[in-house]
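Colleague: Sequence:
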Amino acid sequence: MINLNNIDFSTTSLFEIMVKLMVKIRCDFQEKIIMKICKNKVQESLLFISEKLTETEKLEKLLFIFYKKWNFGCTVKIHKLSDMLWLDKMILSNQGNSFSLGIFFMYIASQLNLSIIPIIFPTQLIIKFKNLEEKLLYIDPVNGDILNKHILQSWLKGNISPSAELSDNHLKESNSSVIAQKILDMLKIALIEEQNIELALNVSNILLTLKPKDPYEIRDRGLIFSQLNCYRAAISDLLYFVEQRPEDPVSDIIKMQIHSIEQKKITFH
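Residue numbers (my numbering): 1 to 269.
Read the hints as simulated data drawn from the structure, not as lab findings.
Backbone N, C-alpha and C fix where the C-beta goes; we use that ideal spot for every residue, glycine too.
Incorrect hints may have been included.
[To be verified] Each pair of labels, with its calculated beta carbon distance range: (1) 255 / 60: 40 to 46 Å; (2) 33 / 263: 45 to 51 Å; (3) 240 / 147: 39 to 45 Å; (4) 243 / 154: 19 to 25 Å.
Let the hints inform the model, and build the full structure from the sequences given.
Modeller: Laid out in structure tokens, this is it:
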């Protein structure tokens, strides 16, 4: 099992790390095909974008090739959220969400020595470009659009609260391990909703290597175990959550869930 705490995010790209994690989650993940495609994309971008260009000009060229020439983006035609997160499916379909598209865009940009910074905005992942002249640009990785602070403010008001105000905290760089955890969290939830429970358990186990005693992650694993009819393991995890978070309003619901599982366990035996 991969332990996220043992991964050096400073020497390995987030994209490559997520590929390795997804290989551990899904036995049919097409790693070799995907990395070959990535290598070809990098080579194509290096041929298309001259070293003589300024950083801003390189970024403009990369945005063109990524979103116009390669046609990466987001579509409503994909109904399963997990298909927007699996990196092999994203690359083969050219369709993803802000996180999968964002980390792939950053991977290509890094090969061009462009400084791209990821930010987990309250509504999605956005990326920030900073050149040698200290020029800042915020980019929507879903479509390559340039975002100004007025747009970001409207996103906050429309999705969070009409009284929400954009602050510097909203635009702070996000740590790679935090982004990896966020992607895994979204993937876990998507797989549970899609009733792909065994894969959801694989994701949960990887998350627990990052936060091994987290009551909420252990609670989620317990709920996953209950769907797999692993009653003993489910009760153990759910009891741990109730013991660690007795004041949480969810604890009462979890107690009812434990009682229900115990009844199933008796019936099953």
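Colleague: Would you mind marking each hint as holding or not holding in the structure?
Modeller: How the hints compare with the structure:
no.	hint	in the structure
1	255 / 60: 40 to 46 Å	57 Å, violated
2	33 / 263: 45 to 51 Å	47 Å, holds
3	240 / 147: 39 to 45 Å	42 Å, holds
4	243 / 154: 19 to 25 Å	44 Å, violated
The structure is inconsistent with the numbered hints 1 and 4, although it conforms to all the rest.
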